[in-house]
Amino acid sequence: MELLANLTLGFQTAVSPMNLLYCLAGALIGTLIGVLPGIGPVQTLAILLPTTFSLPPVSALIMLSGIYYGAQYGGSTTSILVNVPGEASSVVTCLDGYQMARQGRAGAALTISALGSFFAGCFATVVLAVLAVPLSELAFKFGPAEYFSLMVFGLIGSIVLASGSMLKAVGMIVLGLLLGMIGTDVTSGVQRFAFGIPELADGIGFVSLAMGLFGICDIINSIEKKEKRDILKQKLTGLWLSLADLKAAAPAMLRGTLCGSLLGILPGGGAILSSFTAYMLEKKSSRNPESFGKGNIRGVAAPESANNAAAQTSFVPLLTLGIPPNVVLAMMAGAMMIHGIQPGPRVITSNPELFWGVIVSMWVGNVILVLLNLPLVGVWVRLLSVPFRLLYPAILLFCCIGLYSVNNNTFDIGLTAFCGLLGYIFHKLACEPAPLILGFILGPMMEENLRRGMLLSRGDPSVFFTRPLSLAFLVLAAAMLIVVALPGIRHGREKAFKEA
Amino acid sequence: MRIRHPKDFLAGVMFVFFGAAAMVLSRDLTIGNAAKMGPGYFPFVLGGFLAVLGVVILLRSVFWAAGSHAWPVLHFKPPALVLSSVVLFGLLLRPLGLFGATLVLVVVCSRASHEFRWKEALLNAAALILIVLVVFVYFLEFQVPVWPSFPTPRA
Numbered sequence: 001m002e003l004l005a006n007l008t009l010g011f012q013t014a015v016s017p018m019n020l021l022y023c024l025a026g027a028l029i030g031t032l033i034g035v036l037p038g039i040g041p042v043q044t045l046a047i048l049l050p051t052t053f054s055l056p057p058v059s060a061l062i063m064l065s066g067i068y069y070g071a072q073y074g075g076s077t078t079s080i081l082v083n084v085p086g087e088a089s090s091v092v093t094c095l096d097g098y099q100m101a102r103q104g105r106a107g108a109a110l111t112i113s114a115l116g117s118f119f120a121g122c123f124a125t126v127v128l129a130v131l132a133v134p135l136s137e138l139a140f141k142f143g144p145a146e147y148f149s150l151m152v153f154g155l156i157g158s159i160v161l162a163s164g165s166m167l168k169a170v171g172m173i174v175l176g177l178l179l180g181m182i183g184t185d186v187t188s189g190v191q192r193f194a195f196g197i198p199e200l201a202d203g204i205g206f207v208s209l210a211m212g213l214f215g216i217c218d219i220i221n222s223i224e225k226k227e228k229r230d231i232l233k234q235k236l237t238g239l240w241l242s243l244a245d246l247k248a249a250a251p252a253m254l255r256g257t258l259c260g261s262l263l264g265i266l267p268g269g270g271a272i273l274s275s276f277t278a279y280m281l282e283k284k285s286s287r288n289p290e291s292f293g294k295g296n297i298r299g300v301a302a303p304e305s306a307n308n309a310a311a312q313t314s315f316v317p318l319l320t321l322g323i324p325p326n327v328v329l330a331m332m333a334g335a336m337m338i339h340g341i342q343p344g345p346r347v348i349t350s351n352p353e354l355f356w357g358v359i360v361s362m363w364v365g366n367v368i369l370v371l372l373n374l375p376l377v378g379v380w381v382r383l384l385s386v387p388f389r390l391l392y393p394a395i396l397l398f399c400c401i402g403l404y405s406v407n408n409n410t411f412d413i414g415l416t417a418f419c420g421l422l423g424y425i426f427h428k429l430a431c432e433p434a435p436l437i438l439g440f441i442l443g444p445m446m447e448e449n450l451r452r453g454m455l456l457s458r459g460d461p462s463v464f465f466t467r468p469l470s471l472a473f474l475v476l477a478a479a480m481l482i483v484v485a486l487p488g489i490r491h492g493r494e495k496a497f498k499e500a
Numbered sequence: 501m502r503i504r505h506p507k508d509f510l511a512g513v514m515f516v517f518f519g520a521a522a523m524v525l526s527r528d529l530t531i532g533n534a535a536k537m538g539p540g541y542f543p544f545v546l547g548g549f550l551a552v553l554g555v556v557i558l559l560r561s562v563f564w565a566a567g568s569h570a571w572p573v574l575h576f577k578p579p580a581l582v583l584s585s586v587v588l589f590g591l592l593l594r595p596l597g598l599f600g601a602t603l604v605l606v607v608v609c610s611r612a613s614h615e616f617r618w619k620e621a622l623l624n625a626a627a628l629i630l631i632v633l634v635v636f637v638y639f640l641e642f643q644v645p646v647w648p649s650f651p652t653p654r655a
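Residue numbers (my numbering), protein chains in the order written: chain E, 1 to 500; chain F, 501 to 655.
There are no misleading hints in this set.
The list that follows gives simulated cross-link-like pairs (lysine-lysine, PhoX-like), each with its CA atoms no further than 20 Å apart:
hint : chain 1 : residue 1 : chain 2 : residue 2
1    : E       : LYS225    : F       : LYS577
2    : E       : LYS284    : E       : LYS294
3    : E       : LYS428    : F       : LYS507
4    : E       : LYS247    : E       : LYS283
5    : E       : LYS428    : F       : LYS577
6    : E       : LYS428    : E       : LYS225
7    : E       : LYS294    : E       : LYS247
8    : E       : LYS284    : E       : LYS247
9    : E       : LYS225    : F       : LYS507
10   : E       : LYS283    : E       : LYS294
Derived by calculation from the structure, the hints in this document are not laboratory data.
Isolated chain F, as found in the complex (with noise of 0.2 Å):
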């Protein structure tokens, strides 16, 4: 059997997990009656029209569509690339600061382009740390750590 929308296809598993997942977890809370619905009544009912959704498009991708369709094609270096910046500059903002987590943003998520060079990434991140220093902190007054806090020792 050749699944004929690929895209359809793992669209509709997504679905049926979302779903099935919001009814298990619904299933924890009150779920109430209809004249008084508990917090899990509408989530329940949510998720189960939704796996339902996803169970007709899985198999509607299976066996009718018209035409065929490619398997997406998938990437790995921008999304985890651009993504991995985002979260580490999360991490490091309050041990680094702004200036050791911007360096890090800047050059991670520049590396995801096909034109990285190290010169002008970190011409690029010095740049954005001086437009962030005036702009946002001094400007904006933004509260934002600037500088690395470093650990001290806790009684």
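If we strip away everything but chain E, and leave its shape as in the complex, we get (with noise of 0.2 Å):
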């Protein structure tokens, strides 16, 4: 009964008008940012991020929900009606979505994925709303060596199911954690590496480094690539399914949530592995498999319903143990920390309207979408063919007033243009970008528990191994990298992200 309780708190916070209008924004200027091919969730967070700091925290977590959805659901329409994912995790849609759209169902297609996502959304937003309360309550619990063999855990498992090198990876992260160290030491008030610039006395401005590495570097990428897209040009008919598409798609759906809710809550999941896995498991069950990737239904629904379960349930690690599962939730908790909230188990206590507002406005916000985005598919689909050439000075224009407006100064946007380029630098080496933004969140936390733990051990690192949920944590870490690192298992991954 608590949890209705709960839940009614969270409702009256998010359909206050003022957050419903912000949900609604959010949701819109999500998906509008979000059909941009190349412009994914994190890119779009990114973008906006500055739109949100002059609301109170909770509108801005709201909007930046809002946000998230949209782009994540403006993904998914590029793919179905471009063949161009929006963002990775929208890749396996395209196999199918933009067959069912070849073929003449885009409507059905559209619609199925609006659909799955919204039931999906439902179930998740209740996954998240029963497993906060005892979660948090169990990272009470936690010492500094518990806290801090969670992050070793929580970031070895992103780099355990991202794609690419694993040791390239493990680079990204501690240098992650290394630009995380810049700025004024919270323990000793020294400043550190900050070359006597007092801007950079407070750290790297995470708008700067996440725009930068995200948002401007991509745009680099986008121009250099010279994609030409062809749009379909035929008109949008009947968005409405038929019963037989809704039997085929219905048991789908269910599994695909069933498994985004599950990969969710794991460090390192999220949405981009659990619609991977989604289509996996359709196409393996299926009686037919050689119907997928030619515009089988089944293969719509599963993959966007596991996203978007995944990425409410990914808010689980984040909002009761302070650890981010992936980039999109470092966002949000960068978008946190900015607003003066630490994410982890207090949250739920300390600003119990904001935890709940945020769950419920999740649920929300996928009403909104559906609501609003299948009536405005035409609109997105127009937006696409405005030439890429006159959209990215918009952006990149709406980037530097942004980020002027955090803080009223220009430094700020240089800053960012030298993330650009270091973006653009490690985009050409082949690193990812994703670990850094990981590890720079994590590293003033991580450094802070290692710092507390080894105080209270006086200086024996073996406090790490005793106590069991840290070493059961450790464990959990070394099994994940030995496991990555054998040879059969190594070949199957690599084969995993070529085939998708």
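Two chains, two frames, a set of hints: combine them into the complex.
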């Protein structure tokens, strides 16, 4: 019954006219930016972070979650209509979605993706609400040693499930941890690596780093690619599904939702992994797997449900343990910190209306997306026909104005350009920037817990191995590393990423 | 000797550079000991780890990498123009105001595209200035200098 009371509190917060408006605005703007090819939720969040700074924390987070779902949804739309995934988690949606569109069933594909996302969103919201309280209570039993080990586990988990070279991903994490050290050291008050620049006393701004590595860098990459898009010219008709479609898709939706909810909670999990897994499961369990990739509606329903479910349940580790499981959530964590909220178990008790308000607003956001976006599909398609060469100056301009508005200084703009340069170099060297952002967010927390843990144990590092929970996290982290390093599994992993 | 995996090789070099830099810079800070870590302890250890990791990646790219891999292809124009347009916006915002800075940003970064046309870029800039004025300055009330500020002689 406590759950009901909590959800009621959440509802009161989420459906207040102001917050409803921000949720709506977030979902709309998120979709608007998210439909642009090459710009997924991470980029959208990075670009739009500054616009939420003037809002009160609850509204800001509600708007950011709206942006997140909107961007995710926008990504699916481009996958289906243009065969250009707006983001990694909708890559698999391209496989069957675009085929459906070419067969004139774009409407059905869009509708099932919206319905699947909505169903998954509802389910995942409940999962989140149920798990939140017990998990955050567990987190209160954590000492510094447990926290440190948990963060190691989370960081390792995020690279095991990422694509590309593991060693380089570890390097990027460490580099992120180091970048997080820049600025004033909390414990001693000493300035570190600030090179006497006063603007760096508070460290590298999260917005600058995120916008440089994702927003600006991705714009440069898109310009270099000179990609030609072939946009579906035929008119969209009939958004409604046939009964046969619905019958085929409903079980797939359910399976996708379960798969996504589960994988979303794991560190390193989240939308991308879960949509791939759901698609694989669906294909493997099908009686005629060869129909996949040729416009099978199940191939749209399952991954779309899975990525939305995972998008939502991946809030669990962030809001209860304070560990962002993937980059998108690292963005949310960064946004929370800018608003003076330290993500973690304390949020639920100290800011209950924020916690439950955000959870419920996720559900509300899903309703808004279904109600708004299906009628607006035509508008999004038209947006896609605006050439990229006219769009990117606009995005850059909005980035710059947003950056200036954060602190009313132009230093941040220069810093962002520098981060953009770094991002470009990373891209050229095939180093994923996502682990770096995770390391950057976790760096200061990790150091603090390490220092406190070692202080308490008087410099004896065995404390990390003698406390059972801490040991468990470290063993799990080591196990993940070993498993991935095994030759057989390594080849399988590479193959899986290639197929995707 | 041939470098088998140039991208990994360069990534290794980069990690060694950052790791070594972190170690060198940490030496100016108090390192402390395991029980009482100073501000330099964690960065020093991380820097060392990163440098070692970089060496491993570097060696692997020279000796053990399978298959043949290409050197990264660098295009000079897009990153240079896009990044400099952002820097210019930052430098010009206060002296030239939103009008001038936006015009420069849009024209400079538009040149990065292989489909650049002067007329189109100028029109785009004009439209964007209008949008920014209405949305950011009028509705969202962002505190951005709109007009050029003329240097006033200092006493």
